[in-house]
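Engineer: Given the coordinates of chain S, assemble chains F and Y onto it according to the supplied hints.
What follows is the residue order along each chain.
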Amino acid sequence: MKLYRRSLWVFHLNSGSCNGCDIEILNALAPRQDAERLGVKLVGSPRHADAILFTGPVTREALPSVVRAIQAVPEPKIVLAVGACACGGGIWHDSYCVLGGIQGLYRVLKSMGVAPPKTIYVPGCPPKPEAIIHGIMLARGLAGQRQARSEYFEEQGPAVKAEEDLHRLFHKCFPGRLPPKTARVEWGVTRY
Amino acid sequence: MVWLNTLYGVLNACFILLVGPLIDGVERKIRARLQNRRGPSILQTWYDLVKLLRKPAARTGVPSTLFRLSVYIGFVNLLIVSLFIPSILCGGMGFFGDLILFIYLLSSSKVFVLIGSYSSGSPYASIGSTREVSLSMASELVLAEIIALIALSRSSLLLSNVFPVTAVLRPSVLIGLGVLGIIVYIEHSRLPFEIGEAEPELAGGYTIEYAGRDLGFILWSNTIRRTLLTTFLIDLIIPLDVLYHLVIYPVLLFSIMIVFTAIETGWGRLRIDISLKYVKRLSYVMWGVILLALIGY
Amino acid sequence: MRSSGINQVRPRNKYELMIDLRRFGEPRLRGKYLFLSRIKSGRLRDLVDYLHWRLGGYYSTSIGVDERPLDGYFHVYHVFVLEEYGVYVLVDLIADPGHPVVESITPVVPAANWAEREIMDFIGVKFRGHPEPHRLILPDDWPENVYPLRKDYPYDDKLPTSDKIAKLVRESSPATWEPEAPGDHTVIPVGPYHPALHEPEYFELFVEGEKIVDARYKGFMVHRGIEKIAESRLSYNQVSFIAERICGICGFTHSTAYCQAVEEAAGIDVPERAEYIRSILLEIERIHSHFLWMGVAFHLLGYDTGFMIMWRLRESIMDLAEELTGSRKMYGANIVGGIRDKWDIRDDKAALIKRMLDEIREEYLKYIPKIISLEEIKKRTRGVGVLSRSDARKYSVLGPHARASGIKTDVRKYRPYAAYKYVNVEIPVLDDGDIYARMIVRHEEILASIDLIHRLLDNIPKTPLHADTSYIPERRHGIGCTEAPRGEDLHFVITGRDNKLYRWRPRAPTYNNLLSVPAMLRGEYLADAPIIIASIDPCFSCTDHVVVVDLRSGRRRPLRTRGVVGGR
Numbered sequence: 001m002k003l004y005r006r007s008l009w010v011f012h013l014n015s016g017s018c019n020g021c022d023i024e025i026l027n028a029l030a031p032r033q034d035a036e037r038l039g040v041k042l043v044g045s046p047r048h049a050d051a052i053l054f055t056g057p058v059t060r061e062a063l064p065s066v067v068r069a070i071q072a073v074p075e076p077k078i079v080l081a082v083g084a085c086a087c088g089g090g091i092w093h094d095s096y097c098v099l100g101g102i103q104g105l106y107r108v109l110k111s112m113g114v115a116p117p118k119t120i121y122v123p124g125c126p127p128k129p130e131a132i133i134h135g136i137m138l139a140r141g142l143a144g145q146r147q148a149r150s151e152y153f154e155e156q157g158p159a160v161k162a163e164e165d166l167h168r169l170f171h172k173c174f175p176g177r178l179p180p181k182t183a184r185v186e187w188g189v190t191r192y
Numbered sequence: 001m002v003w004l005n006t007l008y009g010v011l012n013a014c015f016i017l018l019v020g021p022l023i024d025g026v027e028r029k030i031r032a033r034l035q036n037r038r039g040p041s042i043l044q045t046w047y048d049l050v051k052l053l054r055k056p057a058a059r060t061g062v063p064s065t066l067f068r069l070s071v072y073i074g075f076v077n078l079l080i081v082s083l084f085i086p087s088i089l090c091g092g093m094g095f096f097g098d099l100i101l102f103i104y105l106l107s108s109s110k111v112f113v114l115i116g117s118y119s120s121g122s123p124y125a126s127i128g129s130t131r132e133v134s135l136s137m138a139s140e141l142v143l144a145e146i147i148a149l150i151a152l153s154r155s156s157l158l159l160s161n162v163f164p165v166t167a168v169l170r171p172s173v174l175i176g177l178g179v180l181g182i183i184v185y186i187e188h189s190r191l192p193f194e195i196g197e198a199e200p201e202l203a204g205g206y207t208i209e210y211a212g213r214d215l216g217f218i219l220w221s222n223t224i225r226r227t228l229l230t231t232f233l234i235d236l237i238i239p240l241d242v243l244y245h246l247v248i249y250p251v252l253l254f255s256i257m258i259v260f261t262a263i264e265t266g267w268g269r270l271r272i273d274i275s276l277k278y279v280k281r282l283s284y285v286m287w288g289v290i291l292l293a294l295i296g297y
Numbered sequence: 001m002r003s004s005g006i007n008q009v010r011p012r013n014k015y016e017l018m019i020d021l022r023r024f025g026e027p028r029l030r031g032k033y034l035f036l037s038r039i040k041s042g043r044l045r046d047l048v049d050y051l052h053w054r055l056g057g058y059y060s061t062s063i064g065v066d067e068r069p070l071d072g073y074f075h076v077y078h079v080f081v082l083e084e085y086g087v088y089v090l091v092d093l094i095a096d097p098g099h100p101v102v103e104s105i106t107p108v109v110p111a112a113n114w115a116e117r118e119i120m121d122f123i124g125v126k127f128r129g130h131p132e133p134h135r136l137i138l139p140d141d142w143p144e145n146v147y148p149l150r151k152d153y154p155y156d157d158k159l160p161t162s163d164k165i166a167k168l169v170r171e172s173s174p175a176t177w178e179p180e181a182p183g184d185h186t187v188i189p190v191g192p193y194h195p196a197l198h199e200p201e202y203f204e205l206f207v208e209g210e211k212i213v214d215a216r217y218k219g220f221m222v223h224r225g226i227e228k229i230a231e232s233r234l235s236y237n238q239v240s241f242i243a244e245r246i247c248g249i250c251g252f253t254h255s256t257a258y259c260q261a262v263e264e265a266a267g268i269d270v271p272e273r274a275e276y277i278r279s280i281l282l283e284i285e286r287i288h289s290h291f292l293w294m295g296v297a298f299h300l301l302g303y304d305t306g307f308m309i310m311w312r313l314r315e316s317i318m319d320l321a322e323e324l325t326g327s328r329k330m331y332g333a334n335i336v337g338g339i340r341d342k343w344d345i346r347d348d349k350a351a352l353i354k355r356m357l358d359e360i361r362e363e364y365l366k367y368i369p370k371i372i373s374l375e376e377i378k379k380r381t382r383g384v385g386v387l388s389r390s391d392a393r394k395y396s397v398l399g400p401h402a403r404a405s406g407i408k409t410d411v412r413k414y415r416p417y418a419a420y421k422y423v424n425v426e427i428p429v430l431d432d433g434d435i436y437a438r439m440i441v442r443h444e445e446i447l448a449s450i451d452l453i454h455r456l457l458d459n460i461p462k463t464p465l466h467a468d469t470s471y472i473p474e475r476r477h478g479i480g481c482t483e484a485p486r487g488e489d490l491h492f493v494i495t496g497r498d499n500k501l502y503r504w505r506p507r508a509p510t511y512n513n514l515l516s517v518p519a520m521l522r523g524e525y526l527a528d529a530p531i532i533i534a535s536i537d538p539c540f541s542c543t544d545h546v547v548v549v550d551l552r553s554g555r556r557r558p559l560r561t562r563g564v565v566g567g568r
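Here the protein sequences come in this chain order: S, F and Y.
All residue numbers for the first sequence refer to this note's numbering, where the first residue is 1 and numbers rise by one.
All residue numbers for the second sequence refer to this note's numbering, where the first residue is 1 and numbers rise by one.
All residue numbers for the third sequence refer to this note's numbering, where the first residue is 1 and numbers rise by one.
There could be a bad hint or two in this list.
[As the list claims (entries may be wrong)] Here are the simulated DSS-like pairs of lysine-lysine, each with C-alpha atoms no more than 30 Å apart in a straight line: (1) S:K118 with F:K51; (2) F:K55 with S:K110; (3) S:K77 with F:K277; (4) Y:K14 with Y:K40; (5) F:K277 with Y:K40; (6) S:K77 with F:K51.
These aren't lab readings, by the way, just hints derived from the structure by calculation.
Excised from the complex, chain S in its bound form (with noise of 0.2 Å):
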């Protein structure tokens, strides 16, 4: 965003983190990365910031506040979802306590008629402090994306590929012979 090309204020938002992220999230502010010197502020008031941190996969409990938190940041806002559970809910995805992450909130903030902000995922567990710069970067506009997202499915993954050939190979060593059974590996993920 053009807005913030220059400086950039973030809330950091724990919607029912393990710390990990939110520990990396520091670390980015530490001496070894120093945010700052990218013009990167972390803030204590959720008015002042112009983009949010959001670490965790958002607990049942911590939702009420967590909807507060989002809807006090002024607009234009920026979201980063940092961390394996704050991009899709990560291990606890399917807990019956868990909302799965942040697609699960955009799902109540749809509900309430608010529409959801630019969302810059940045996956990991924990993210290293360099990919939540990167993300930083992303959302400012002054980094290109590196990964987009792709859904595919593969018929033949390379794995069955290569039991295929090994068979075709133990066909023309040992004709009419049963070659042995090995695992078979499943393909067909969703990769970003």
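Structural biologist: Frame of chain S, contents of chains F and Y only:
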């Protein structure tokens, strides 16, 4: 002559408005260097301010007019002060009694913001502003004592007459200048006396409910306030001369701010009761100094 | 005095203890575990009184288990640690599913309050005679008679739908929130989003001017249902990874405690080399956690330079962890029975680590004496947030917090596990009980841990890295204890079939330490509240999957959160 003085005043005000955030940027750079960090660009405070001023002041759920208006009143107060304090140019819109107006406007600018913040009703804002008010009341008392001392030594209430106070070299004046240095440091609300915002304790204290443009003006006012106080200190030291003000003044301004920053990085935050105790002690010292001045030292 | 007909002769060892406990029920000794089942009617409170107050043991935690698929009953286990006898006494109570009620022990041992309420929430066993039988953990709109840890409740049943959640958000708008302050004091909320906490937690401070009159803790915002997930969809070795994600700071100690619990239950002997590697990683974790705490403490005292110095040093520890395990946090090294193969410490790595540790110590010793002798750091930490030795006993605080109050306690020394059996562990103990003492204890522990890693690396033996774990018997109980950076960390497991746990219950040290916070806050200045709360090194995400504490009154009000913003 009147229009020339007005022009001087306006130019001085422009200088203060521009250089305040710049000094803050330099300080941030130096602080970062002292903390083993690379630190932001020295223009960073300006970048932050421009961003904040371009953002709309969001609806904060606090509908009071006082809440928003007070920020601008405080800002305008400081603007007026910068019109009649000689800074980069030696001159300004001086008039009789401006010494008293100076201290009045300087302290009221802060009080207005604090009242506005208090009206928001947020518990952090109210604690922050209560703390800030009690500290700045105490330190402004000392400031008033110093002004009394200065007026006494130069027997005038006109700013252009009292500057520089070093023209009369008396022990009381020298001690007074020393105390003024400490008070300026405290009024800058630097650590260990930065207790009104106290980010880790009060999440921004009295600024907590402000956003966007309002917040920008508060931060701008803070940098201007700091610069004005330091300017006052320098004016008392260097002669009221064009060359001195054009050359020595900026050098002194930056070096004082840098020294203050270096001191600041070595400190933690004091509790309000301990810091009030310090300021009270200073006030007692000043009463003694005034007595000293009365007997002619 | 209670006239329970107590035998005046104290049992001398665990066998005599077993015979002694026959007065109360049917004891059964299996290794370190003394099970006591079929408690005679009306004797439970006498038994608890005897164990907790007379035998020198202490109440650790309670676990509710739905064992209806196994024997048709709900079970409640109260765990007592008797260090003198080297046993854990597990008092096993059964509740009939038709009418699940057992007697409460809270009137005798107040520390059992939250554990029992937690069981009421999750299993649905009621406790007769409990002083405040209110809902504790689950959200307020959670339906009655739905108990998530019962075996017939699916782990992924998300109640209620998002529409209802939106309604919840709207209803709990700040305007409807009215604080109940005692008297006319101002209420200062600390949290749920407060820069001092870094986690969504909620303290309410009642203040008069700048003085704190009283404090309450309400939390439970990080309840993620970890126990149910582990029991439902994860295998033994997968649980060690989710255990690491209980907490992002002290995760490895949780995963070690879990593995130890399963190893205890299944009778697996861990090879020595794996024990050494576990200990080395645990000590690295302790150092990084203490550095982190120091940095945060200095930040809260307004001394940001100290924060920056500590976090710069901590980066080197993170490098070290990355060198050893491939990741800065979440080492992922533990499996049941040992350490994963690739996580071995080769000799060249050992030399590198030693060199890095020496550099870290040198740098650390260059800065820290100057920092802790700073005038305003001393002014704000000495004599602030004092917890006396007797109070520390009362709240049974753990870890560095207890050691700063003059209590000699350390699982590593008194109940050695992993490689602490083979080396001597020095534990610093101070008597002052203030924040400064806590800081010094942690400072000494950093140095002790660096020494310990050196000694461990010198003596590391050549053995395989993991034991054979092909057979894990069913329905065995195990307890694993580790000394986390914050104190004793206890994991309880019951093994199940199909390579899955039947029940797993972690208990983090912050659980105990949090209790002491209101006692420390009372009468202090508001400005000191963040550093006092932080001085116990609270880790809410560790604690919250199990407990919420309503400190003063114990009354449960509907938790409607008031944000930092909005202000009303």
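Engineer: Now tell me, hint by hint, if it's right for this structure.
Structural biologist: Each hint tested on the structure:
For the proposed pair K118 of chain S and K51 of chain F, the alpha carbon gap of about 18 Å is at most 30 Å, so the pair holds. With a C-alpha separation of about 25 Å, the suggested pairing of K55 of chain F with K110 of chain S holds against the 30 Å cut-off. Between K77 of chain S and K277 of chain F, the direct Cα distance comes to roughly 43 Å. Violation of the 30 Å bound is thereby established for this hinted pair. Proposed proximity of K14 of chain Y and K40 of chain Y is supported: the alpha carbons are some 21 Å apart, at most 30 Å.
A threshold of 30 Å between alpha carbons decides the hint, and for K277 of chain F with K40 of chain Y the separation of about 65 Å lies outside it, so the pair is violated. For the hint linking K77 of chain S to K51 of chain F, the alpha-carbon distance of about 13 Å falls within 30 Å, and the restraint holds.
Consistency note: the structure conflicts with the earlier hints numbered 3 and 5.
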